[in-house]
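A.B. asks: Following the hints, complete the assembly by docking chain B onto the known chain A.
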Amino acid sequence: MKLITAIIKPFKLDEAKEALRGLGVAGMTVSEVQGFGRQRGHTEVYRGTEYTVDFVPKVRVEVLVDDGEVDRVAGAIVSAARTDKIGDGKVWVTPVEQIIRIRTGEMGPDAI
Amino acid sequence: MEGNTAWVLASAALVLFMTPGLAFFYGGMVRSKNVLGMLMQNFFSMGLVSVLWALFVFSLAFGGEGRFIGDFGFVGLKTLGNIKTVIPSYKGDYALVVPALAFCAFQLMFAIITPALITGAIADRMKFRAWVVFLGAWLMVVYAPVAHWVFAPAGWLFKMGALDFAGGTVVHINAGIAALAVILVLGKRRGWPHETMPPHALPLTLLGTGMLWFGWFGFNAGSALAANGLAAQAFLNTNNAAAAAMLGWLVVERLKGGHATTLGAASGAVAGLVAITPCAGYVGGISPIIIGFVAGGVCFLAIQLKFRFGYDDALDVIGVHLVGGIVGSLMVGLFAEEAVNPLGADGLFFGGGVELLGYQAVAVLATIVWSGVISFVLAKVISATIGLRCDDDEENAGLDLSQHAETAYSFGELGSMGRTG
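Protein chains in written order, with our numbering: chain A, 82 to 193; chain B, 715 to 1135.
Treat each hint with caution, since some may be false.
[As the list claims (entries may be wrong)] Covered by chain A, per the in silico footprint, the following chain B stretches (three or more residues, Cβ under 8 angstroms):
1. 774-787
2. 908-914
3. 959-973
4. 1014-1020
[Claimed, not checked] In silico lysine to any residue, SDA-like type, Cα no more than 20 angstroms apart, as pairs:
5. A:Lys-166 <-> A:Thr-124
6. B:Lys-902 <-> A:Arg-121
7. A:Lys-166 <-> A:Gly-129
8. B:Lys-1094 <-> B:Lys-873
9. B:Lys-902 <-> A:Glu-131
10. A:Lys-171 <-> A:Tyr-132
11. B:Lys-970 <-> A:Glu-125
12. A:Lys-83 <-> A:Val-174
13. B:Lys-970 <-> A:Thr-133
14. B:Lys-841 <-> B:Arg-903
15. B:Lys-902 <-> A:Arg-141
16. B:Lys-805 <-> B:Phe-782
17. B:Lys-970 <-> A:Gly-129
18. B:Lys-970 <-> A:Thr-124
19. B:Lys-970 <-> A:Val-126
20. A:Lys-171 <-> A:Val-159
21. A:Lys-166 <-> A:Arg-121
22. B:Lys-902 <-> B:Gly-1024
23. B:Lys-970 <-> A:Tyr-132
24. B:Lys-902 <-> A:Tyr-127
25. B:Lys-873 <-> B:Leu-1079
26. B:Lys-747 <-> A:Val-159
27. B:Lys-841 <-> B:Glu-1109
28. B:Lys-1094 <-> B:Asn-1110
29. B:Lys-747 <-> B:Ala-768
30. B:Lys-747 <-> A:Tyr-127
31. B:Lys-841 <-> B:Leu-1115
32. B:Lys-798 <-> B:Ala-940
33. B:Lys-970 <-> A:Tyr-127
34. A:Lys-171 <-> A:Asp-95
35. A:Lys-83 <-> A:Lys-98
36. B:Lys-970 <-> A:Lys-171
37. B:Lys-970 <-> A:Glu-131
38. B:Lys-747 <-> B:Glu-909
39. A:Lys-171 <-> A:Glu-125
40. B:Lys-873 <-> B:Tyr-1073
Worth flagging that the hints you see were computed from the coordinates, not collected in a lab.
A quick note: this is a predicted structure, and the numbers were derived from the prediction, not measured.
Using N, Cα and C, we set each Cβ at its ideal position, and we do this for glycine too.
This is chain A alone, in the form it adopts within the complex:
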């Protein structure tokens, strides 16, 4: 079992979601986050004074998948979220020891 975490541009969330649905992914968690990578922030001007805003708004998508699904799901997110411009974000995969569905108590891959 793996956790796929993707940081993507906020306006790409719908496309990523539809791509995952198309693959039959059972669920996902999204959150609004801020950060910077190579894109860095931007500049704002108030009454002639410039401020740099270092953190750029992004969306974090988290999906739990069985081992055999990892490449397909991660690949779908990458192609859905890509704009070929700087700041497209990242996807990473981490191993998951255990998953439990709270309602039924099911464990392991059955709980995904």
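C.D. replies: Frame of chain A, contents of chain B only:
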């Protein structure tokens, strides 16, 4: 009389509306943890000033026929409701054509908004109780005498020949220099100027600007104290100066390499409204457009001074109100026309000499010295007794929570509140 009374009462209501407008103009510019603190400092002025005004401050500002201060003849507004009551120094050419009570109500609204202007400079770091004490004391020892000097026909600056139609000196220079005096005692916000403190809600600032512009028709056109052609002149001058100043500010902002910003449009309009205030009933034609355009550009440059001199005028009260007020008060000496207002005089550009400009300069200096010195002393005394400034924890938490135990914006259900008492 009835028409005049209706217009002055409506104008009083318009001027009252400016104080919430100012609160939102400033409130949008502070960080979200301080927005209630800012709104409260402004709204509280409507409470405290109204009561003090009725008790004795109106009398202190407008009673009697002294040159420097009023008297206690109208304490508690007694006799003011009598239809035959006249305010002693308003006679001859200056006789009021509205009831004394209508005049009292109209002037009250000026007394409410003038100290409220100071809150923009002291933003985010003053104890609320210190503001309460400063507000009341300032009204008595700074506002009342300066209003008497300039507005009351018995006042020494009025008698000398200085012209201030609606408060360039009494309101804007007075509050602007007081703001500078207080922040010199108060100190900078923690983290200023290296830390980012951008406005949290510019839509509120633009909403407030709209309320100010709207209310300013009462401020300036109401200062004709009659429903007549002079009121119409002041009305149009007010509008056109605000419009031209918005353009002036945006042009300079754009030329300096930046963008035309919404905050710039709002700030420019307010700078124009400030500058036209002393001129409103003395100038005509395209003069207000010139005055506004110049004020917009000059005030944009003036707000950069705080970085050079290192004083933390948080929301640019000095750059906009002190500088805008000085520009406007001196412009009277250049652009005034007796043809517009026979009780005025001709300025340098309209056949008069430099005499009027000289009177204007004296009024500007007198206001700066009195308000600057007394405000500084008041702030020092408060600082040494009950304390002026929040401690570091209170400032970090924000005024909303530390001074008022409230939060402006509560989103979501996490961390919902349970009752403790």
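A.B. asks: It remains to establish, for every hint, whether it holds in the given structure.
C.D. replies: Status of each hint after checking the structure:
1. 774-787: With 0 residues close enough to chain A, the hint is violated.
2. 908-914: Contact hint for the segment 908-914 of chain B vs chain A: holds, 3 residues under 8 angstroms.
3. 959-973: It holds: at least three residues are needed, and the segment 959-973 of chain B offers 4 whose Cβ sits within less than 8 angstroms of chain A.
4. 1014-1020: Our answer is that it holds, as 3 residues pass the Cβ test (under 8 angstroms) against chain A, meeting three.
5. A:Lys-166 <-> A:Thr-124: Distance of about 19 angstroms is within 20 angstroms: holds.
6. B:Lys-902 <-> A:Arg-121: Measuring from Cα to Cα gives roughly 29 angstroms; hence the hint is violated.
7. A:Lys-166 <-> A:Gly-129: With a Cα-Cα distance of about 29 angstroms, the restraint between A:Lys-166 and A:Gly-129 is violated, given a limit of 20 angstroms.
8. B:Lys-1094 <-> B:Lys-873: violated (33 angstroms)
9. B:Lys-902 <-> A:Glu-131: holds (19 angstroms)
10. A:Lys-171 <-> A:Tyr-132: Status violated; Cα separation ~27 angstroms.
11. B:Lys-970 <-> A:Glu-125: holds (15 angstroms)
12. A:Lys-83 <-> A:Val-174: holds (7 angstroms)
13. B:Lys-970 <-> A:Thr-133: holds (18 angstroms)
14. B:Lys-841 <-> B:Arg-903: Holds: B:Lys-841 and B:Arg-903 sit about 13 angstroms apart, inside 20 angstroms.
15. B:Lys-902 <-> A:Arg-141: Roughly 38 angstroms separates the two Cα atoms, so the pair is violated.
16. B:Lys-805 <-> B:Phe-782: holds (18 angstroms)
17. B:Lys-970 <-> A:Gly-129: holds (8 angstroms)
18. B:Lys-970 <-> A:Thr-124: This hinted pair holds, its Cα atoms lying about 16 angstroms apart.
19. B:Lys-970 <-> A:Val-126: holds (12 angstroms)
20. A:Lys-171 <-> A:Val-159: holds (8 angstroms)
21. A:Lys-166 <-> A:Arg-121: Holds - the C-alpha atoms of A:Arg-121 and A:Lys-166 are around 13 angstroms apart, at most 20 angstroms.
22. B:Lys-902 <-> B:Gly-1024: holds (9 angstroms)
23. B:Lys-970 <-> A:Tyr-132: Given pair B:Lys-970, A:Tyr-132 holds - Cα atoms ~16 angstroms apart, limit 20 angstroms.
24. B:Lys-902 <-> A:Tyr-127: Satisfied, since the Cα-Cα distance of roughly 18 angstroms is no more than 20 angstroms.
25. B:Lys-873 <-> B:Leu-1079: holds (16 angstroms)
26. B:Lys-747 <-> A:Val-159: violated (38 angstroms)
27. B:Lys-841 <-> B:Glu-1109: Measuring from Cα to Cα gives roughly 9 angstroms; hence the hint holds.
28. B:Lys-1094 <-> B:Asn-1110: violated (23 angstroms)
29. B:Lys-747 <-> B:Ala-768: Not OK: B:Lys-747 and B:Ala-768 at ~34 angstroms, beyond 20 angstroms, violated.
30. B:Lys-747 <-> A:Tyr-127: holds (19 angstroms)
31. B:Lys-841 <-> B:Leu-1115: holds (12 angstroms)
32. B:Lys-798 <-> B:Ala-940: Distance ~18 angstroms between B:Lys-798 and B:Ala-940 Cα, so the pair holds.
33. B:Lys-970 <-> A:Tyr-127: holds (13 angstroms)
34. A:Lys-171 <-> A:Asp-95: Holds. A:Lys-171 to A:Asp-95 sits at ~17 angstroms (cutoff 20 angstroms).
35. A:Lys-83 <-> A:Lys-98: holds (18 angstroms)
36. B:Lys-970 <-> A:Lys-171: violated (38 angstroms)
37. B:Lys-970 <-> A:Glu-131: Holds, because 12 angstroms separates the two Cα atoms, which is no more than 20 angstroms.
38. B:Lys-747 <-> B:Glu-909: holds (15 angstroms)
39. A:Lys-171 <-> A:Glu-125: The given pair, whose Cα atoms are some 26 angstroms apart, is violated under the 20 angstroms limit.
40. B:Lys-873 <-> B:Tyr-1073: holds (10 angstroms)
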